[in-house]
Every structure is written in C-alpha cells, then in structure tokens.
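Numbering (my numbering), first residue to last: 110 to 333.
Among the hints, erroneous ones may be present.
[Claimed, not checked] Distance condition first, Cα-Cα at most 25 angstroms in a straight line; then the derived SDA-like pairs of lysine to any residue: (1) K210 / A189; (2) K210 / T277; (3) K292 / N303; (4) K292 / D321; (5) K205 / A158; (6) K160 / K205; (7) K297 / K274; (8) K160 / G223; (9) K296 / R243; (10) K199 / G174; (11) K200 / R219; (12) K291 / G238; (13) K292 / A281; (14) K200 / G184; (15) K291 / L256; (16) K296 / S135; (17) K205 / R114; (18) K325 / M271; (19) K167 / D190; (20) K130 / K200; (21) K199 / A239; (22) K130 / K199; (23) K160 / K199; (24) K210 / A281; (25) K130 / L207; (26) K130 / V308; (27) K200 / T175; (28) K200 / I157; (29) K297 / E327; (30) K210 / P257; (31) K199 / G163; (32) K274 / I306; (33) K210 / D137; (34) K325 / A239; (35) K274 / Q288; (36) K199 / L138; (37) K160 / R170; (38) K167 / A189; (39) K210 / K291; (40) K200 / Q177.
In short, the hints are calculated from the structure, not lab data. Model, not experiment: these values are computed from the prediction.
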Amino acid sequence: VISKRLAFKGGTALSKVYLGKLQRFSEDLDFDSNTESIAETMRLCKQIAEKLTGYEIKEFRRVRGTIQFYCMYEGPSGMADHVRVDMSAKKILSAKPLAIKPAISAVTQRSVTGFSVYAIEDLAAQKLGALGRRYEGKDFYDVHAALPLCGALGSAITKMLMAEKIDTNASAFLKQVIQQIKKADYKKLRNLTNPYIPVPNRPRSWQQLKNDLILKLELLQEKI
110 VISKRLAFKG GTALSKVYLG KLQRFSEDLD FDSNTESIAE TMRLCKQIAE
160 KLTGYEIKEF RRVRGTIQFY CMYEGPSGMA DHVRVDMSAK KILSAKPLAI
210 KPAISAVTQR SVTGFSVYAI EDLAAQKLGA LGRRYEGKDF YDVHAALPLC
260 GALGSAITKM LMAEKIDTNA SAFLKQVIQQ IKKADYKKLR NLTNPYIPVP
310 NRPRSWQQLK NDLILKLELL QEKI
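With these hints in hand, go ahead and build the complete structure from the sequences.
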C-alpha cells in the first residue's frame with residue numbers, strides 16, 4: 110500500500126525502467142512522497158524502513174526538502190555496500206499517469222516491481238529541470254538517451270515547472286537549458302561521468318553528444 114503512494118523518479122528510474130541496454134550505474138533511489146510535509150515524509154520513510162528485510166537501516170536525515178536514509182547490505186563479494194534512498198516532500202504532478210513497471214538491472218539481470226514510476230516523458234522533463242540547475246554529465250547522458258524514446262514533451266515540461274515552482278513557460282525554459290548546455294566543458298563531463306557508464310555504452314565523443322543534445326533540444330523548442 111505504501112509503495113503505491115510513492116513515485117519512483119530520477120536517474121535510476123529512467124535507467125533501470127526505460128533505457129534498457131543504454132542504462133548506466135546509479136547510486137541512489139529517488140522518490141516523490143506525494144506530500145509537501147517533511148514530517149509526514151519522515152514518518153513514511155520510517156514505515157518503509159520497518160518493512161525492509163535484509164538491510165541495516167542507517168542515518169535518517171533531512172537535506173532541504175528531502176529525507177535520506179541508507180540501506181546497508183553485504184554485496185556478492187562479501188564487502189559491505191549500501192543504497193541511499195532519497196524521499197522528496199513533494200506532491201506528484203505529472204503529464205501522464207504513473208504506471209507499475211519493473212526496474213531491471215542490465216548488469217545482474219535482476220528485476221523488482223510493485224511500485225509506481227513516472228512516465229518517461231515526465232522523467233525526461235525532470236532531468237531537463239536538473240540540467241537547468243547544474244552541470245552533471247549523468248543528466249546530459251540520461252536526457253540524450255531518453256529523448257528518442259519520448260513522445261510529446263511540452264505538457265511534461267510544463268508540469269515539471271509547476272512542481273519546481275519555476276515561473277516561466279516551456280519554450281523559455283528550454284532556451285535557458287540550451288544556453289546552459291552550450292557553456293558546459295565536454296572534457297569535464299567525460300572525465301566525471303564515464304566511470305558511471307558501462308564501457309560499451311560510453312559516448313565515443315562527449316563533444317558530439319553535447320552538440321547532438323543541443324540540436325535535439327532546439328528542435329524540441331521549435332515544436333512547443
């Protein structure tokens with residue numbers, strides 16, 4: 110019941126649910142709690158932690174509008190490892206209905222299901238929102254991989270702007286994101302991001318990926 114009120118989001122959701130063979134390594138699990146109350150989000154995290162088996166739960170902490178906690182476990186090699194869970198105190202706003210879809214690891218071929226995930230258009234719009242705030246190569250890679258799989262994105266971008274309380278329209282926002290991308294140093298993107306991408310999936314040229322992403326977004330802006 111708890112899992113159905115959450116919305117799986119972020120790079121892990123995009124990678125493991127939608128990108129298939131193009132997926133990359135990811136470090137955390139991101140969810141929207143469908144409440145703007147940080148106290149209620151904390152209670153929800155503790156309820157979830159109580160139901161998890163096979164993990165040692167550590168460090169419930171508030172980081173701005175998010176509750177973070179760590180699921181500690183023993184990896185296949187016997188070494189200690191962990192997964193970080195980030196639960197945002199945020200209402201679910203989406204252009205398309207959420208769906209129950211399996212998350213599949215291309216590395217281990219393991220899958221899990223039973224929780225709601227945003228549609229790929231909404232996840233791509235959220236990643237565009239991240240691109241408007243920061244220069245992270247993982248966002249560049251994710252958006253570049255996701256765009257060819259998306260349908261119309263205008264309404265998803267509008268919903269993302271509403272969720273993030275950004276006072277602009279989709280076209281103006283895309284223009285801003287394109288300008289941000291143009292300023293990015295492709296060598297830094299490559300050096301910081303390649304370790305998170307399996308060798309067969311690494312871009313042959315990050316400069317080409319950057320330029321191709323700019324072109325895709327310019328074409329998208331023309332359609333909105």
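Now for the hints, and whether the structure bears them out:
no., hint, verdict
1, K210 / A189, "29 angstroms, violated"
2, K210 / T277, "32 angstroms, violated"
3, K292 / N303, "19 angstroms, holds"
4, K292 / D321, "14 angstroms, holds"
5, K205 / A158, "29 angstroms, violated"
6, K160 / K205, "29 angstroms, violated"
7, K297 / K274, "30 angstroms, violated"
8, K160 / G223, "14 angstroms, holds"
9, K296 / R243, "16 angstroms, holds"
10, K199 / G174, "8 angstroms, holds"
11, K200 / R219, "30 angstroms, violated"
12, K291 / G238, "16 angstroms, holds"
13, K292 / A281, "17 angstroms, holds"
14, K200 / G184, "34 angstroms, violated"
15, K291 / L256, "18 angstroms, holds"
16, K296 / S135, "21 angstroms, holds"
17, K205 / R114, "16 angstroms, holds"
18, K325 / M271, "23 angstroms, holds"
19, K167 / D190, "12 angstroms, holds"
20, K130 / K200, "31 angstroms, violated"
21, K199 / A239, "16 angstroms, holds"
22, K130 / K199, "30 angstroms, violated"
23, K160 / K199, "22 angstroms, holds"
24, K210 / A281, "33 angstroms, violated"
25, K130 / L207, "23 angstroms, holds"
26, K130 / V308, "12 angstroms, holds"
27, K200 / T175, "12 angstroms, holds"
28, K200 / I157, "18 angstroms, holds"
29, K297 / E327, "23 angstroms, holds"
30, K210 / P257, "20 angstroms, holds"
31, K199 / G163, "28 angstroms, violated"
32, K274 / I306, "32 angstroms, violated"
33, K210 / D137, "18 angstroms, holds"
34, K325 / A239, "17 angstroms, holds"
35, K274 / Q288, "21 angstroms, holds"
36, K199 / L138, "15 angstroms, holds"
37, K160 / R170, "19 angstroms, holds"
38, K167 / A189, "13 angstroms, holds"
39, K210 / K291, "35 angstroms, violated"
40, K200 / Q177, "17 angstroms, holds"
Violated hints, listed in ascending order, are 1, 2, 5, 6, 7, 11, 14, 20, 22, 24, 31, 32 and 39; each of the other numbered hints is respected by the structure.
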